[in-house]
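Take the sequence shown: its position 156, counted from the start at 1, is 286 in the numbering used here, and no numbers get skipped.
Since the hints were derived computationally from the structure, they do not count as laboratory data.
Glycine included, every Cβ here is placed at the ideal spot set by N, Cα and C.
Straight-line C-alpha distance at most 30 Å; calculated DSS-like pairs for lysine-lysine:
1. K229 x K252
2. K314 x K229
3. K274 x K256
4. K252 x K314
5. K256 x K314
6. K229 x K274
7. K274 x K314
8. K252 x K274
9. K256 x K229
Restraint-style ranges between C-beta atoms, simulated for each label pair:
10. A339 x I221: 18 to 28 Å
11. E367 x V213: 17 to 27 Å
12. T338 x T218: 26 to 36 Å
13. L147 x A270: 48 to 58 Å
14. E254 x A214: 10 to 20 Å
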Amino acid sequence: MDTYGDMVTLLLCFFVLLYSISSMDQSKWVNLVLSMNPNAKEALEEIHAGGDETQGALESEEQTEDEEMLPAETFQELYEALVAAAETLGIQEQVTITKGDGFTFISFTDQVFFDGNSPNLKDEGKVILDEFVEAMVPAASQIKEIQVLGHTSQGTPDRPNNVMTDRVLSAERAAQIVAYIQLKDFIEPARLVGMAFGQFRPIDTFETAEGRAHNRRAEILITETGSVERSLSSYYEEVYGSDAYGEWMNE
Numbered sequence: 131m132d133t134y135g136d137m138v139t140l141l142l143c144f145f146v147l148l149y150s151i152s153s154m155d156q157s158k159w160v161n162l163v164l165s166m167n168p169n170a171k172e173a174l175e176e177i178h179a180g181g182d183e184t185q186g187a188l189e190s191e192e193q194t195e196d197e198e199m200l201p202a203e204t205f206q207e208l209y210e211a212l213v214a215a216a217e218t219l220g221i222q223e224q225v226t227i228t229k230g231d232g233f234t235f236i237s238f239t240d241q242v243f244f245d246g247n248s249p250n251l252k253d254e255g256k257v258i259l260d261e262f263v264e265a266m267v268p269a270a271s272q273i274k275e276i277q278v279l280g281h282t283s284q285g286t287p288d289r290p291n292n293v294m295t296d297r298v299l300s301a302e303r304a305a306q307i308v309a310y311i312q313l314k315d316f317i318e319p320a321r322l323v324g325m326a327f328g329q330f331r332p333i334d335t336f337e338t339a340e341g342r343a344h345n346r347r348a349e350i351l352i353t354e355t356g357s358v359e360r361s362l363s364s365y366y367e368e369v370y371g372s373d374a375y376g377e378w379m380n381e
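Whole structure, please, built from the sequences with the hints as guidance.
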């Protein structure tokens, strides 16, 4: 028993010695307490009033929380910046910008970028893309993917377009926009996607000139990093509504 008592006493002295020469990391201690009891923040502030290190740890904790909230705020700012760009350019009547859960959707009338039946990007269209890309740059790290969608419209109500001409035209238009955006070098090329649908994803009727003009469009879908994968039809339903023209929306 004497030997055992001596050993325990020596161990106690050893741990007291270790503790006496050690220094406590106040910030880690505060984080530990807050992780187990988030409501203890006020009590810690009262106990350590005037303690610079503890106060600094609390401020550091608040800063970390703010930084964690930054991505969502940045993507929200992207939408606001795009709306401001459209207003600056004076093209509010030619573009529709919609924000949803984890995405921003932009729809341009075809006259914004291209002349009739032409795949060549107009100079005025390049100016518009410059302004919109400038709005996207600050949020580049929060952008998961940018999809450019090209659409044409049926030329006459009762006769579909030539398939080759129709498909190739919408593909070339989408590719022109994608390539121009890529030249700005603010996002990895792998996150830029061009898709073409020809006349086969209408959002209005082919029976009227106004409806056909509505179907001629270029769209840009910007998705947020971390957002859930969704079908294109679900984005369309949210942007244009379930009653939009085109049975493919219900597939």
